[in-house]
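Number of protein chains: 2
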Amino acid sequence: MRRSQLFIKTRREAPADEEAKNAQLLIRAGFVHKEMAGVYSYLPLGLRVIDNIKQIVREEMDAIGGEEMLLSTLQHPQIWQSTDRWDDAKVDVWFKSALGEGSEVGFGWSHEEPMTRLMTQFVSSYKDLPIYAYQFQTKLRRELRSKSGLLRGREFIMKDLYSFSRDREQHDEFYATVERAYHRVYDRLGIGGITYKTFASGGPFAKFSHEFQTISDIGEDIVFLDQGKKLAINQEVLTDEALSDLGLDRQSLVEKKAVEVGNIFTFGSRYSEPLGLFYTDEKGVQQPVFAGSYGIGVSRLMGLLAELFADERGLVWPSVIAPYKVYLASLGDEAEVKAAADEAYEQLQAAGLSTLYDDRDERPGQKFADADLMGLPYRVVVSQNSLQAGGLELKKRTQTDTRTVPQDQLVQALKNSLQE
Amino acid sequence: MRRSQLFIKTRREAPADEEAKNAQLLIRAGFVHKEMAGVYSYLPLGLRVIDNIKQIVREEMDAIGGEEMLLSTLQHPQIWQSTDRWDDAKVDVWFKSALGEGSEVGFGWSHEEPMTRLMTQFVSSYKDLPIYAYQFQTKLRRELRSKSGLLRGREFIMKDLYSFSRDREQHDEFYATVERAYHRVYDRLGIGGITYKTFASGGPFAKFSHEFQTISDIGEDIVFLDQGKKLAINQEVLTDEALSDLGLDRQSLVEKKAVEVGNIFTFGSRYSEPLGLFYTDEKGVQQPVFAGSYGIGVSRLMGLLAELFADERGLVWPSVIAPYKVYLASLGDEAEVKAAADEAYEQLQAAGLSTLYDDRDERPGQKFADADLMGLPYRVVVSQNSLQAGGLELKKRTQTDTRTVPQDQLVQALKNSLQE
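Taken in order, these protein sequences are the chains called A and B.
First residue of the first sequence? That's -3 in this note's numbering, and the numbers climb one at a time after it.
First residue of the second sequence? That's -3 in this note's numbering, and the numbers climb one at a time after it.
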């Protein structure tokens, strides 16, 4: 993409009403636009980051048998009344609107009920189970305060997977499979080392549920880590009984701030029974389907990664989710510089190395500042100086040193570096 | 995808409360699930169709310089008040909800206002224009009656492109470019021959706006065609003056029912002025940005194509948007049949021919009925009969005759047929 054709501009200052560093950076770099507190639109570069995160999550969900679909935003009150989750006194984040003639609709803040009801169309026998279905959905939640940027929005993008199993045994096996898939997602995003499986309260069908918490000072959550065992426990379940169950020792736990980047939950027949999701087992006996749900906050991950990897000059994207791999900048308007930069752009594109080409008539200082602020993994500069030095100047966003690469070796140099 | 791993089932009967043939077929074939009137969830095969339509639209929008982004669903009242489109008396399809402390939010039924306001962040000079930005958005509209299936939903997926130009001349050029891109979209979807550019009322900034109307008896609109000129005019502008302007003769017009599959609209400074979207021209004079919008209903197209191409046995997808190219069915449980079918599945997958493999333990009649109902372009059957006849039985969904193809020629036979 040529920068001259991209409509966004970077900004020196974030808007005064934006308190969260992740949103400040993403707004300044032109990745998102703030519509109101907790509500952001995704500009072209931001949408590419979202799509890259989704693709990693999608690959890992597909690999464990997940089937992608898309439920509706509009929600019928009746199905939520049957599980007693329509009343604002029970669920306080509902957006609701009049539909007409005294009737209402809700806006999906979660999707256990519609997914469970939908499955009643397709499940009758044990042979129909298990089923693993997921979606990427824009969730809407009436949060009265929303000050953490993309970490806690009123409108946010989430991957929610639902499992429908015959019994606890079949469920537990898949639950462990999802755990492993989640760890692969966090590893691929570059936060595997600081993301802990965390024990949280479980509800009626399981002693514990599990969160995945990424250790960071920007977190709103408090967790207690056992770094040796690579496990954590959250405050609400920090009891002697829980510690004993988990084989953890209170003395060896360290208190840390953390951001929840995923959660997995066993809900058994909690929704299946009221919504009528039953199957006939091998013996001809009707049984409720045993279910679970598994969430990953896609836009929250974008916010977390933006803030976690940033430095004083701006964003620093991991290359797997960067909107483009390379920021290519031409400095000066000499014909030979433009020709070399155009050629580099074509070489990079042809090699499948996605490139944002800053071909604008703009000061070098502005181009360097933009490259740093936008945080693409590599910067390639073409100038009369670089050409005299024998080629193009290559720099990693995470390093300060630059090196000159002959034009015909640029693609190979980048490919080698990406594989390091 | 193996059918045994796909959770959906086909149905003999559509739900009693579903009146629209497109939704009846899509529900029976397991492509969508009805949540309530005018609200459908997309099951795995349906989501693949949506994604295929989106990809065709995306390619054509990118080819004319469109930049993809994603605006929010939640809408701030203030920006719609500034254009006088917040009041229910002015716009009667708003879903609105309480946010807290007496404040409200709206749910995006269209996005001219937020897109225009967003551009005030990025436009100051004539050098910043033109800008072409688009999104695929789930629109929400409070339609009191909604009985046309996916053709008119309360929740639907739309591509909306917005252009921001310096003046009418720059605008008009792009407007004509979009027209050509829209014709390419309809051609690629297989409805180019029956889709007409149609003159509709224009508003203050243009004599006419334009709709793209696909001629079909299922349409809710009435248009008047000049088949020779490949133009149409809609009822509201069928005046002597308009006919004279367009060089059309009332005698040669034919009245037809049609489905609106796209619209393009010049709105000039209608939203730019109240929302403060101005730029400084070459002479240093402040000017309002001249804008237009360009919509294509993605989920409506899915409904239209489902209904338009169907026959008495079910859906008949054009191959460019079919969820899979091939329905592969094994008949019988003999080892040699299963082995040949497994091998065919791997051959097809390796060749990039997406395949739904009906590996279920199910009657041949049911598999044939499902293949027809789901409407994939090709059916490949492996049975003892076919193996004795020398290979696999190949049939196009649109034809009744079958032919036997040796296993090692299957991929080539399909590729040849797809290129026909």
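FYI, nobody ran anything at the bench for these hints, they're computed from the structure.
Because the structure is a prediction, the values reported are computed rather than measured.
Among the clues, some could well be false.
Copies of one chain are not kept apart here, so a pair can be met inside one copy or by any two copies together.
Unchecked claim - Straight-line C-alpha distance at most 25 Å; calculated SDA-like pairs for lysine to any residue: (1) Lys5 x Val281; (2) Lys92 x Arg137; (3) Lys123 x Leu369; (4) Lys253 x Leu227; (5) Lys86 x Gly186; (6) Lys123 x Arg(-1); (7) Lys86 x Gln380; (8) Lys226 x Asp13; (9) Lys50 x Gly348; (10) Lys143 x Val312; (11) Lys193 x Gly96.
Status of the hints after comparison with the structure:
no. : hint             : in the structure
1   : Lys5 x Val281    : between (64 Å within a copy, 22 Å between copies)
2   : Lys92 x Arg137   : both (10 Å within a copy, 14 Å between copies)
3   : Lys123 x Leu369  : between (54 Å within a copy, 23 Å between copies)
4   : Lys253 x Leu227  : within (14 Å within a copy, 65 Å between copies)
5   : Lys86 x Gly186   : neither (37 Å within a copy, 50 Å between copies)
6   : Lys123 x Arg(-1) : between (54 Å within a copy, 13 Å between copies)
7   : Lys86 x Gln380   : neither (67 Å within a copy, 59 Å between copies)
8   : Lys226 x Asp13   : neither (38 Å within a copy, 53 Å between copies)
9   : Lys50 x Gly348   : both (20 Å within a copy, 23 Å between copies)
10  : Lys143 x Val312  : within (23 Å within a copy, 50 Å between copies)
11  : Lys193 x Gly96   : neither (46 Å within a copy, 35 Å between copies)
Going through the hint list in order, the structure does not satisfy hints 5, 7, 8 and 11.
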